[in-house]
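**Student:** Chain by chain, the residues run as shown.
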Amino acid sequence: MTRDYPVSSIRLPHDLPLDSGQVLSDAEIAYESYGVLNEARDNAILICHALTGDQFVASEHPVTGKPGWWDRMVGPGKPVDTDRFHVICANVIGSCLGSTGPASMASDGQPYAMRFPVITIRDMVRGLVGLLDELAIERLHCVIGGSMGGMQALSLAANFPERAGRVLAIATTARHSAQNIAFHEVGRQAIMADPAWSNGDYYASETSPDAGLAVARMAAHITYLSEDGLTEKFGRRFQDRPDGAPGAKSFGFDADFQVESYLRYQGSGFTRRFDANSYLYITRAMDYFDLAEEHGGKLAQAFGGSEARFCIVSFDTDWLYPTAESRHIVHALNAAGAAVSFVELSAPFGHDSFLLDVPALDRVVAGFLSQ
Amino acid sequence: MSQHLRPDLAVIAEAIAPGARVLDIGCGDGALLKTLRDSKGVDARGMDIDAEQVAGCVAHGLSVVQGDANRDLTDYPDASFDYAVLSQTLPMAKRPDLMLDELLRVGREAFVSFPNFAHWRTRAALLLGGRMPVTRALPLTWYETRNIHHVTVDDFRELTRLKGCDIRGCWFFAGERSLSATAANLRAEFAVFHLAR
Numbered sequence: 001m002t003r004d005y006p007v008s009s010i011r012l013p014h015d016l017p018l019d020s021g022q023v024l025s026d027a028e029i030a031y032e033s034y035g036v037l038n039e040a041r042d043n044a045i046l047i048c049h050a051l052t053g054d055q056f057v058a059s060e061h062p063v064t065g066k067p068g069w070w071d072r073m074v075g076p077g078k079p080v081d082t083d084r085f086h087v088i089c090a091n092v093i094g095s096c097l098g099s100t101g102p103a104s105m106a107s108d109g110q111p112y113a114m115r116f117p118v119i120t121i122r123d124m125v126r127g128l129v130g131l132l133d134e135l136a137i138e139r140l141h142c143v144i145g146g147s148m149g150g151m152q153a154l155s156l157a158a159n160f161p162e163r164a165g166r167v168l169a170i171a172t173t174a175r176h177s178a179q180n181i182a183f184h185e186v187g188r189q190a191i192m193a194d195p196a197w198s199n200g201d202y203y204a205s206e207t208s209p210d211a212g213l214a215v216a217r218m219a220a221h222i223t224y225l226s227e228d229g230l231t232e233k234f235g236r237r238f239q240d241r242p243d244g245a246p247g248a249k250s251f252g253f254d255a256d257f258q259v260e261s262y263l264r265y266q267g268s269g270f271t272r273r274f275d276a277n278s279y280l281y282i283t284r285a286m287d288y289f290d291l292a293e294e295h296g297g298k299l300a301q302a303f304g305g306s307e308a309r310f311c312i313v314s315f316d317t318d319w320l321y322p323t324a325e326s327r328h329i330v331h332a333l334n335a336a337g338a339a340v341s342f343v344e345l346s347a348p349f350g351h352d353s354f355l356l357d358v359p360a361l362d363r364v365v366a367g368f369l370s371q
Numbered sequence: 001m002s003q004h005l006r007p008d009l010a011v012i013a014e015a016i017a018p019g020a021r022v023l024d025i026g027c028g029d030g031a032l033l034k035t036l037r038d039s040k041g042v043d044a045r046g047m048d049i050d051a052e053q054v055a056g057c058v059a060h061g062l063s064v065v066q067g068d069a070n071r072d073l074t075d076y077p078d079a080s081f082d083y084a085v086l087s088q089t090l091p092m093a094k095r096p097d098l099m100l101d102e103l104l105r106v107g108r109e110a111f112v113s114f115p116n117f118a119h120w121r122t123r124a125a126l127l128l129g130g131r132m133p134v135t136r137a138l139p140l141t142w143y144e145t146r147n148i149h150h151v152t153v154d155d156f157r158e159l160t161r162l163k164g165c166d167i168r169g170c171w172f173f174a175g176e177r178s179l180s181a182t183a184a185n186l187r188a189e190f191a192v193f194h195l196a197r
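Residue numbers (the UniProt record's numbering), protein chains in the order written: chain A, 1 to 371; chain B, 1 to 197.
Incorrect hints may have been included.
Only some residues are given here: those of chain A computed to face chain B with a beta carbon under 8 angstroms [unchecked claim]: (1) E344; (2) R363; (3) V364; (4) G367; (5) S370.
On the chain A side, residues computed to face chain B include the following (Cβ under 8 angstroms) [what the hints assert, rightly or not]: (6) R309; (7) C311; (8) V330; (9) S346; (10) A360; (11) A366; (12) F368; (13) Q371.
No lab work stands behind these hints, which were simulated from the structure alone.
The beta carbon of each residue, even a glycine, is placed where N, CA and C say it ideally should be.
Whenever a hint applies, use it, and build me the whole structure from the sequences.
**Tutor:** Structure representation (C-alpha cells):
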C-alpha cells in the first residue's frame with residue numbers, strides 16, 4: 001500500500017515509550033483540524049477514531065473520495081460545532097493514513113512490517129498526547145470517541161486526567177471481552193492465512209493479502225450491525241445478476257443473496273484504503289485493552305484522579321459493546337465520585353449506530369459539550 | 001427562583017443548602033437539578049429510568065445517569081451526597097422500605113415526596129365509588145399506574161419511626177396550595193419529608 005496523497009502531520013520530537021517496554025522513535029502523527037483555536041487555547045476537542053477510522057472525520061477521504069466519517073456530527077452549526085470549537089482528529093499510531101505504522105519506513109529504510117512493535121490503546125493515547133503537546137494544547141474542552149475511539153477517550157481520562165475537562169465515550173467498553181477477542185482472531189487468521197501476507201513482508205511485492213483482509217472486514221462488519229438491521233436491509237432477497245436478470249439460486253457459490261454481495265463489496269472496498277498489517281496491530285491493541293488491569297484491577301481506581309465530566313452513551317442494538325459494558329464504566333465512575341451522565345439510546349443499526357442518523361445522539365453530544 | 005417548579009420540588013429546592021452535593025432519584029426532566037445548579041451552585045446529579053428523559057437532561061448539560069433506582073443505587077458509595085431526593089417515585093419502588101435505607105446510605109439526608117393515598121378524595125373514591133381512585137394526585141387507572149405501593153402520610157411516618165429516621169421537616173400540599181400539618185393524613189394530596197439518620 002503506497003500513499004500518494006498529502007497528509008498534515010507532526011513528527012514527535014521524543015521517543016514514544018510503549019507498554020511493551022519498547023520505544024517508537026521518530027513517530028509521525030497525521031491529523032486534521034477544523035475551526036479556530038481561541039487565544040486561551042481552551043476550546044479544543046480531540047476526536048478519537050475507531051479501528052479502521054482515520055483523521056478525516058469531517059473532510060473528504062483522500063482514497064475513497066467519500067465525506068468524512070463523522071461529517072454528520074462535526075462541522076459548522078453541527079453538534080460538534082466547528083464555529084465554536086477547534087476540532088482535532090489524528091490517525092492513531094499503528095494505522096496507515098499517515099501516522100507511523102507497520103507500513104512506515106523504519107530507520108533502515110525498509111518498511112517495519114512485523115518489526116513494528118505491538119502497541120496498546122494507551123500507546124495510541126501517548127501518541128495523541130504527544131501531538132497535543134506539539135500543538136501547545138494543555139487541556140482539551142473534551143475528548144470524544146466511539147468504539148475504539150471511546151477506549152482512547154477513557155484511557156486518556158485515566159492516564160492523563162489533567163488533559164481533558166470532558167470525556168464523551170460512545171458505544172464502547174473498558175475491556176475487550178472473550179467474544180470481542182474471538183472475532184478479532186478470526187480476522188487476523190484470515191489475513192495470516194492469505195499466502196500473499198508473506199509473514200507481513202508484502203510491501204515490495206506485487207500482491208498484498210487483500211483476500212484475507214477482505215474476509216477479516218466481512219466478519220467484523222457483521223458485528224457492527226444488528227440482526228434486525230440486516231434482516232430489514234437484505235432479508236433473504238436475491239442479488240440481481242450482472243446482466244440485469246433477476247436474482248435466483250445459482251446452485252453455485254456466487255453471491256446469490258444481497259447480503260453476500262454487500263459483504264463482498266464492503267470487504268473489497270476496505271482493502272483499497274487499509275493496510276492488512278495495520279489491521280493486525282490495531283485489533284491486537286484493542287484485544288489487550290483492559291483499563292481496570294492497568295489500574296490495580298479496579299476500574300474505579302482508573303478514574304480516581306479525574307475531575308472531568310463524563311458522558312457514556314450506549315445503543316440498545318449494539319451487541320459488540322452492549323449496554324452492560326457501559327453500565328460497568330458508569331458504575332466505576334460513580335464509585336470514583338466522578339460527574340457522569342449515561343444513556344442507552346434506542347437505534348436500529350447495532351454498533352454502527354454511533355456513526356449513523358440517531359437524532360437523540362446529536363442532542364446528547366451538543367448538550368454535553370455546551371455545559 | 002423556583003416559581004416554575006412543582007410545589008414539592010420547590011420546597012426541596014428551598015431547603016437544600018447552597019453548594020451541596022445532591023442526587024435526584026427519578027429526576028424526570030431535570031427541573032429540580034437545573035434549578036439547584038443554576039441558583040444554588042449545587043453539584044446536582046440525577047438518575048432516571050427513562051432514556052428520553054435522560055437524553056433531555058444531558059442535552060441541558062445535566063449529569064444524569066439512566067438507571068433503575070431499585071438496582072443501580074448500589075453503584076454509589078456511602079454518603080456520596082449531602083442529600084438524596086426521591087420525588088413522587090416512592091410508590092414505584094419494589095421495596096419502599098429498602099429504598100429508604102438506600103436513600104439514607106448514599107445521602108447524609110434525604111427528601112421524599114409522595115402522593116398521600118389517605119387524602120379525602122381518594123378515600124371518597126374508594127369508599128363511595130367502590131373503585132380504585134383516579135384523582136388529580138393519582139391520575140392513572142389501576143392498570144396503567146406504575147405505583148405498586150400506595151402509601152399514606154401516617155404510614156410513611158410509621159416507616160420512618162421503624163427505620164429510626166429523624167424527621168427534620170415536613171410539608172403538605174393540596175394541589176399548589178400549602179397546608180398546615182393539622183390532619184395532614186386527611187387533607188394533604190402530597191407530602192414532602194426531610195429525613196436524616
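**Student:** Which earlier hints can't be squared with this structure?
**Tutor:** none
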